[in-house]
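J.: Going down the list, the protein sequences come from chains A and B. At position 184 of the first sequence (counting the first as 1) the number is 184 in the working numbering, and the numbers step up by one without a gap. Take any residue in the second sequence, count from 1 to its spot, add 521: that is its number in the working numbering.
Derived from the structure by calculation, the hints contain no laboratory data. Cβ coordinates follow ideal geometry from the N, Cα and C atoms, glycine included. Watch out, some of these pointers could steer you wrong.
[Unchecked claim] With beta-carbon atoms standing in for the labels, derived distance ranges: (1) A:Asp338 to B:Ala687: 36 to 44 Å; (2) A:Val427 to B:Trp889: 38 to 46 Å; (3) A:Phe177 to B:Arg634: 42 to 50 Å; (4) A:Phe177 to B:Pro691: 49 to 57 Å; (5) B:Pro561 to A:Ile36: 50 to 58 Å; (6) B:Val772 to A:Asp2: 28 to 36 Å; (7) A:Ala428 to B:Ala684: 47 to 55 Å.
[Stated by the list, open to error] According to the in silico footprint, chain B covers these stretches of chain A (three or more CB under 8 Å from chain B): (8) 175–181; (9) 403–410.
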Amino acid sequence: MDPAVIDLSRLQFALTALYHFLFVPLTLGLSFMLVIMESIYVMTKRPIWRTVTRFWGVLFGINFAIGVATGITMEFQFGMNWSYYSHYVGDIFGAPLAIEGLMAFFLEATFVGLMFFGWEKLSRVGHLAVTFLTALGTNLSALWILVANGWMQNPMGATFNPDTMRMEVSSFRDVLFNPVAQAKFVHTVSAGYVIAAVFVLGISALYLLRGKYVAVAKRSMTVAAAFGLASSLSVVVLGDESGYALTDNQKMKLAALEAMWNTEPAPAGLTAFGIPDLKTRTTHNEIKIPYVLGLIATRSVDKPVEGIFQLVAKAQTRIESGVVAYGALETLKANPKDMAARATFETHRRDLGYALLLKRYVADPRQASPDLIKKTAWDVVPPVPVMFWSFRVMAGVGFLMIALFATAFLLVTLRKHDTKWFLVLAVAALPLPWLSAELGWVLAEMGRQPWAVDGVLPTFLGASSLSVPQLLISITAFTLLYGSLAVVEIGLIVRTINKGPFAKHDPVPGGSLPEPEPAVA
Amino acid sequence: MELPLDYATLRVIWWALVGVLLIGFALTDGFDMGVGALLPFVAKTDEERRMVINTVGATWEGNQVWFILGGGAIFAAWPFVYAVSFSGFYLAMFVVLAAMIMRPVSFKYRSKRPNPRWRSFWDWGLFVGGFVPVLCYGVALGNVLQGAPFRLDGDLRAFYDGAFIALFSPFALLCGLLSVAMLVLHGAAWITIKAEEGPVTERARLFGEIAALASIVLFAAGGFWVAFGGMGFRIDGLADAAGPSNPLRGVAAVRAPGAWLDNYGRHAWMLTAPVLGFAGAALALAGLRFNKAWAAFTGSSASAAGIVGTVGLSMFPFILPSSIDPRSSLTVWNASSSHMTLFIMLVVTVVFLPLILAYTAFVYRVLWGRSTTGALATNPDLY
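Take these sequences, add in the hints, and give me the full structure.
T.: Here you go:
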C-alpha cells in the first residue's frame, strides 16, 4: 500500500479526534457541574442558583452542539479510513460503539433537548433529574468509547480465527473489565472535570476582575474550586500508569515516555529531566528522582522496570515466533483441515501480529532475513522524544492544576473571592488543561505505535485502500470546515460571556433589564 | 459456551434489527431532515423560520442518534459491511458527514445573533444538513442495488474500482430523488402537525402533495428499473447459513438479472412492503389534501418504512453485492460478526431499545403542542 495513504489517514484521524476532544471533556465535566449547581438551586430554591445553572447551561449548549457534530465523524471514520482495521477487529471493537449508542448517546441526546426547553414544563426536581440523565449519558459514552480504546491498548478477551481471518471475541467480560479501560475511563473523565472546572473558574475570575455579575461569579467560583480540587487530585493520582505493567506495548510506552533505554533495577527512579537522543539511544543530562517510577509502574519497590533495549530484544523473539504462526496460517488458508498447521498456529498465534510488522518491508514475512527481523524489532519503539516531552508537559500541568484548585479552595473557604493576583492566574490558566488533555491522547495513541491494536494489528495494515487525492480532498475539507466552526464557536462563547448571565432568561436583580437585541427585519 | 440461539437465526435477527434501526432513522430523523430541506421554502420571515425550526428544535438531537446507532450497529453486527461500504463510498460518505456536521451547529448557532445574514446562513446550513444526506442515502442504496465495485483479496482486504462521479448513475440518482421526495413528504406532514396553522402549513401542504406524487411515480419507476434493468444477484447453490463469515469460503454469488424479484415469488407476504410504500404515500397525499394532519403523517411514515423495507427484502440475503467480482459479495450468511458477538449485542439491544422508546415517548409528551409564533415572543428558551 502507498505509505502516503497511511500517513494521511493517520493525520486525518489525529486531526479529527484531537479536535473532537477539545469539546468532549468540557461536556463531560460541565454537565456534572450543572447537576451540582442545579441541585443547590433545588435545595435552596434561591433564584440566583437558577441563574447560575442556566448561564453555564447556555455555554454548555454551544459547546455540546459542536461536540455532537464532530462526534458524527468519529463513528464513521473507522469504516471510511480504517477499513481493514474495521474488518479485522470489528467483532470486538464494534460492540462497545454500538452499546455506546444504545446506552449513552440516546440518553444524552434525548434529554439534552428537554434540559434546554423543559424549564417551564417540568417541576424543579423533574428538571434536575433531566439534567442528571444528560450528564449520565455523556459520561457513559466516555465509558464505552474508552472500553473500545482500552481494548486497542490491551486486547484481552479475543483470539484470531483463521476461518474468518480476523479477531473474534472469546470473553466479553474480559473486554468490558479490561483494567486498562477502567483506568483510562477514570483518568479521562477526571480530566474532563478539571477542564470544566478551569473553564468555570477562569470565566468567573474574569467577571470578578471586571467587577461584573459578582453574585453569579462568586457562587460559580465556589463550585469550581471544590469540583476542580477533587478532579485534579483524581486525574493525577488515578493516572493511566496503573496499566503500564500489563503488556509489552504498555511497558514500551512507559519506557519511551521515560526515555529509559535500559532496564531500571528496583527500586526504579523517575527521570524528572533529560534530553533523549535517538541516534545514540541514550538520554543526556538526566536528573532522577529515586523510587518514584517503581512505585508508579509496579506499585512496589522491589520490581525492576524494563527498558527499551530489553523490550526490543523481546519483540525480536516474538517476530520470529510470529513468522511461524504466519506460515501455519498460510497453510490453513489453502487447506482449512490441515490439523498439523492448526496445532502450530495455536502455539504461536499470540505472536501473529508481530510477523505482520514485517509486511512494511516484505510482502511475505516468511521471506524476511534475520537482519530484517532485527531491524523491524526496533519498529516497536514509539517516538521517544515526543513521548518524553508530552508526558512531562501533561503531568506538569496536572500538578499545576492541583496547586491552582487548592489555592482556589482555600480562598473561597476564607471568602476571599476577590484576591486579584489569583484571579489573574485563574484567567491565564484557561488554556492549560486543554493542552494537557490533548497531550494525554498523543501519549496514549502515539505511544501505542506501531500498533493499531497492541501486538495484534500494525497501524499501517489497518488503513483503507484509498487514493492520495481522496484523502487530500477530505483532509482539506475537514480542515476548512472545522477551522471555520472553531472561529464561530469561540466567537459565540466570547459573545455569551460578554453578554453575561442576565442576557436572556432572568431579570437583573435590583436593576434594569439589559438592552434587548434589535429586532430582526 | 452454548448460546441459546443458533448462528443462522441470529444473523437473520440482526439483518432485521439493522432494518428496524434504518427505518427508525427514516421515521424520526427523516422528518427532521425533511423539515430542514423545506425550511427556506415553507418559511419566509424570521418568525416563520423560527417557528418551523422549533417544531423539531428540542427533539432532533435524540432522533439523530438513530443514524449514529445505525452506524454502530452495522459495525458491531456486520463489520464487513461497515468496512467495505464506508470506505468504498469514501467521498460520498464524506459529503454526508460534512452536511450532517452542519446540522447541530446550525440549530444551535442560528438563534445566537439577530443579524439577518447570520440567520440566513444557518438556515441554508439546515437545508444542506437535511437535503444532502437524504439525497446521498438514496444514491447509496441505488448503488447497493446495482452492486458496488469492490473485490476482496485472500486476506479479505477490500479494493475498489470506480470514481466518485460513477456513483451518480441515472438509476442511483432516481433512488436519490425518491429518498428526497419520501422524506420531504414526511417533513411536510410533520410541519402540518407541529406548526401553527397558517401560511406555513399551507405551503408545507403544497410541497408535501408534490412530494407524495413524486414518491409514488419514482417508486414505481424504480421498481420497473429493478425488474427489467438487468439488476440482481443470486447465490449459486445452497449457502451455509451458519458458516464462517468469510465471503471467499462459501458458495459463490453470481449476477442474475431480475433476481431482486425472486423473494416476492417465494414469500408473498413480502409484498406488504412495496404495497405500504405506495399506499402510505397515497394516504399522505389524501391527508394533506383534506387537512388531516395525522393521516398524512401516518401515511408518510408507512410509506418511508415500506420503501426502505422493499430495498432490504428484495435483496435478502444480499447486503452488499459486488458488481466487479460477485464472489466477493457480502450476504447475511458471510458478513456478520461472530456468533457470540451477535448474541451479546442482541441481549443489550433487547434491554435498551424498549427503554429508549419509553423515554423518547416521555420527552415527546412533555414537549407536546404546536410550535407557534406567539410562543417565540414569550419563551426565551426557543431557538
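J.: Taking 28 to 36 Å as the stated bounds, is the beta-carbon spacing between Val772 (chain B) and Asp2 (chain A) within them?
T.: 35 Å, holds
J.: Per the coverage rule (Cβ-Cβ under 8 Å, at least three residues), is the segment 403–410 of chain A covered by chain B?
T.: violated (count 0)
J.: Can you tell me whether the CB distance of Phe177 (chain A) to Pro691 (chain B) sits inside 49 to 57 Å?
T.: 53 Å, holds
J.: Between Asp338 (chain A) and Ala687 (chain B), does the beta-carbon spacing fit 36 to 44 Å?
T.: Given about 42 Å between the Cβ atoms, the range holds.
J.: Starting from the hint 38 to 46 Å, judge whether the C-beta atoms of Val427 (chain A) and Trp889 (chain B) obey it.
T.: 44 Å, holds
J.: Is the gap between the beta carbons of Pro561 (chain B) and Ile36 (chain A) within 50 to 58 Å?
T.: 42 Å, violated
J.: Between the beta carbons of Ala428 (chain A) and Ala684 (chain B), is the distance compatible with 47 to 55 Å?
T.: Distance hint for Ala428 (chain A), Ala684 (chain B) holds at roughly 52 Å.
J.: Just tell me: holds or violated, for the beta carbon distance of Phe177 (chain A) and Arg634 (chain B) against 42 to 50 Å?
T.: 48 Å, holds
J.: For the segment 175–181 of chain A, does the count of residues with a C-beta closer than 8 Å to a C-beta of chain B reach 3?
T.: violated (count 0)
Violation of the numbered hints given earlier is confined to hints 5, 8, 9; the remaining hints are satisfied by the structure.
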